[in-house]
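> Line by line, the protein sequences give chains A and B.
Going by the UniProt record's numbering, the first sequence runs without a break in its numbering and finishes at 334.
Going by the UniProt record's numbering, the second sequence runs without a break in its numbering and finishes at 334.
Calculated directly from the structure, the hints in this document are not laboratory data.
Some hints here could point you the wrong way.
[Said to hold, decoys possible] What follows is a list of derived Cβ distance ranges for each label pair:
no. : chain 1 : residue 1 : chain 2 : residue 2 : range
1   : B       : Pro235    : A       : Arg319    : 28 to 36 Å
2   : B       : Pro257    : A       : Met301    : 33 to 41 Å
3   : A       : Pro63     : B       : Ala255    : 34 to 42 Å
[Stated by the list, open to error] Okay, the calculated bits of chain B under chain A, using three or more residues with CB under 8 Å as the criterion:
no. : segment
4   : 58-71
5   : 251-259
All C-beta atoms in this analysis are idealised placements derived from N, C-alpha and C, irrespective of residue type, glycine included.
Number of protein chains: 2
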Amino acid sequence: MSENRVWTLQAYPEGLDFASAIHLDRRPTPEPADGQVTIAADWLSLDAGTRMWMTPRTDSYQPPIPLGSPVPGQVMGRVLESRAPGFAPGDLVRAFGQWADVSCVDALASGLMKLDPTVSDPRLHLGPLGMNGWTALVGIEEVGRVKAGDTVLVSAAAGATGMLAAQIAREQGARVIGIAGGPAKCAFLTEQLKLDAAIDHQGPDVEAAIAQAAPEGIDVYFENVGGPLLDAVLPNMAHYGRIAICGLMANYAQAQPGPKRFDQILSRRLQVTGFFSPDFAHRGPELTARLRSWTDAGKLMTPFDETIGLDNVLTAYARLFTGANIGKVVVRVR
Amino acid sequence: MSENRVWTLQAYPEGLDFASAIHLDRRPTPEPADGQVTIAADWLSLDAGTRMWMTPRTDSYQPPIPLGSPVPGQVMGRVLESRAPGFAPGDLVRAFGQWADVSCVDALASGLMKLDPTVSDPRLHLGPLGMNGWTALVGIEEVGRVKAGDTVLVSAAAGATGMLAAQIAREQGARVIGIAGGPAKCAFLTEQLKLDAAIDHQGPDVEAAIAQAAPEGIDVYFENVGGPLLDAVLPNMAHYGRIAICGLMANYAQAQPGPKRFDQILSRRLQVTGFFSPDFAHRGPELTARLRSWTDAGKLMTPFDETIGLDNVLTAYARLFTGANIGKVVVRVR
Numbered sequence: 001m002s003e004n005r006v007w008t009l010q011a012y013p014e015g016l017d018f019a020s021a022i023h024l025d026r027r028p029t030p031e032p033a034d035g036q037v038t039i040a041a042d043w044l045s046l047d048a049g050t051r052m053w054m055t056p057r058t059d060s061y062q063p064p065i066p067l068g069s070p071v072p073g074q075v076m077g078r079v080l081e082s083r084a085p086g087f088a089p090g091d092l093v094r095a096f097g098q099w100a101d102v103s104c105v106d107a108l109a110s111g112l113m114k115l116d117p118t119v120s121d122p123r124l125h126l127g128p129l130g131m132n133g134w135t136a137l138v139g140i141e142e143v144g145r146v147k148a149g150d151t152v153l154v155s156a157a158a159g160a161t162g163m164l165a166a167q168i169a170r171e172q173g174a175r176v177i178g179i180a181g182g183p184a185k186c187a188f189l190t191e192q193l194k195l196d197a198a199i200d201h202q203g204p205d206v207e208a209a210i211a212q213a214a215p216e217g218i219d220v221y222f223e224n225v226g227g228p229l230l231d232a233v234l235p236n237m238a239h240y241g242r243i244a245i246c247g248l249m250a251n252y253a254q255a256q257p258g259p260k261r262f263d264q265i266l267s268r269r270l271q272v273t274g275f276f277s278p279d280f281a282h283r284g285p286e287l288t289a290r291l292r293s294w295t296d297a298g299k300l301m302t303p304f305d306e307t308i309g310l311d312n313v314l315t316a317y318a319r320l321f322t323g324a325n326i327g328k329v330v331v332r333v334r
Numbered sequence: 001m002s003e004n005r006v007w008t009l010q011a012y013p014e015g016l017d018f019a020s021a022i023h024l025d026r027r028p029t030p031e032p033a034d035g036q037v038t039i040a041a042d043w044l045s046l047d048a049g050t051r052m053w054m055t056p057r058t059d060s061y062q063p064p065i066p067l068g069s070p071v072p073g074q075v076m077g078r079v080l081e082s083r084a085p086g087f088a089p090g091d092l093v094r095a096f097g098q099w100a101d102v103s104c105v106d107a108l109a110s111g112l113m114k115l116d117p118t119v120s121d122p123r124l125h126l127g128p129l130g131m132n133g134w135t136a137l138v139g140i141e142e143v144g145r146v147k148a149g150d151t152v153l154v155s156a157a158a159g160a161t162g163m164l165a166a167q168i169a170r171e172q173g174a175r176v177i178g179i180a181g182g183p184a185k186c187a188f189l190t191e192q193l194k195l196d197a198a199i200d201h202q203g204p205d206v207e208a209a210i211a212q213a214a215p216e217g218i219d220v221y222f223e224n225v226g227g228p229l230l231d232a233v234l235p236n237m238a239h240y241g242r243i244a245i246c247g248l249m250a251n252y253a254q255a256q257p258g259p260k261r262f263d264q265i266l267s268r269r270l271q272v273t274g275f276f277s278p279d280f281a282h283r284g285p286e287l288t289a290r291l292r293s294w295t296d297a298g299k300l301m302t303p304f305d306e307t308i309g310l311d312n313v314l315t316a317y318a319r320l321f322t323g324a325n326i327g328k329v330v331v332r333v334r
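For reference, chain A alone in the conformation it holds in the complex (with noise of 0.2 Å):
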């Protein structure tokens, strides 16, 4: 392979128009470093967060993505050249690298560990055994403390981190209710997931609704939406509830308005805590292998909305925020 697919970023996006913005551009395939290994991509994982990267804010949690460079995300795949120590060619590997067929990355700096390849499907490397299962972990037990017989709300729960948040807390005992958009998310919840209700963010009246769903109040409420969402589950928090923050997505590509219903917080005496993944990346091998005890168990439902092809990336990625996904957004690359 001495050419090599990257997706650039050449502008910031305007909303969704991602074609104008990020191109497929060919360039040499890199040769590592010193320090560093390449990977030939199996599979991308496409997620949320990025978006807030390709704006030209600086107060979100990583600086913008220069223009010009490749747009990074988690890949996973196979070393192709290691100039790190610990890595081999062939070894099953994910890192943060970028939207291309062979990412180049420092093996300290990218995140880059080493797969247990005998898993059934290695796509849930990049879901349940990897960031998005460690978010929803850490978000449930140790942010918003779920207990048994507590009542859990989860929005964007047909999607990667929100599906998985939601069956930890039903293992943990809670009575748990789904947020997503249309009738045929809200089936997924209650039918495939088993979630005890689900409301349709997309109906008229989501506070009545939530309401309705939880008459005695939400005592944890597990965050990736914000905006108007936010503005319904507020009023709806049960006294000394916690809101476990781990996405804003309605604010990624464009600041939204604060909470109108801020002043909740204070009523309700609420906690509202944010976390992010890479934060307690340390405690990946722990985490991993709770996770992976469920998902051997066959206790976690684990869909995959899988698009075939680099080519196809920026239509893949539009889904995220179209919310047309049910599950984790991942593209075959080969």
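On the provided structure of chain A, position chain B as indicated by the hints.
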């Protein structure tokens, strides 16, 4: 005393026009029913939070004051008549009573408490040795988890609770920055309270002033105000910072838009917690004992903003919202 003067709520006030809405009525002096006592007020505590219940909003932590009812508030004085076990005429007590010469209170529901008459200034029971003190102590120690070396920011730092929070944080070894309105209050913060820095929220660029005073970011923000001030603070929070919300004074008269920079909770992985003192009133004796050890040792400055005469309550109450007061606002009833 056969006639009792009682401030009653005739309408929900607009802004600071209390005089059109709250009238001084003359009613018969109440007689205690079983389980009740009457208290002849020496002082009233005036608290910004009461303003929330002078609106028809039902989403606060107490229901609105019914029109035609006495305005509720904390009173300190002597028991006049008692039909509650453990209380006798002449006892020095504090309770949630009414803005009146004589309050009739239920011993259990009103937080009625006998006070130590040996405290040098009895007004201390309405400030540092009461709810303001409990709120400051719990907010700094337990909600904010302040530790030595932290940078702590306190809003309304010349107010009854803020000045205690700021001084307690300083006692814990934190670097403390106070926010107040105008040069006189800012001078009070640095010269009298010995805070490390003061920021005038009437100044031209509060966000930049905070950044300059805390270039490494704010570890703990003790929040009394909300509104635009919170937006100036959010981008100045250090990663993993805590925001302890004990009040949102800017919201009381009128709902405010939510903080535009709400997304900083996620970007900076903040923890935002609402709390209020009735929730830990059962810990009053333990908290009061600790606070008294500081007041007795002269470690807490506790100025009072005292107005003489029950007929001047409305003028005194407005001082809280125009920011005229330095320290705890009380009214000397007799």
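> Hint by hint, say whether it matches the structure.
Now the hints, each set against the structure:
1. Between Pro235 of chain B and Arg319 of chain A the C-beta distance comes to about 32 Å, which sits within the given range of 28 to 36 Å.
2. Here the CB-CB span from Pro257 of chain B to Met301 of chain A is close to 40 Å, well matched to the stated 33 to 41 Å.
3. At roughly 35 Å, the beta-carbon separation of Pro63 of chain A and Ala255 of chain B lies within the given 34 to 42 Å, and the hint holds.
4. Residues of the segment 58-71 of chain B lying with their CB closer than 8 Å to a CB of chain A number 3, which satisfies the three-residue condition for coverage.
5. Counting residues of the segment 251-259 of chain B whose beta carbon lies closer than 8 Å to any beta carbon of chain A gives 6, which reaches the threshold of three, so the coverage claim holds.
The structure shown violates none of the earlier numbered hints.
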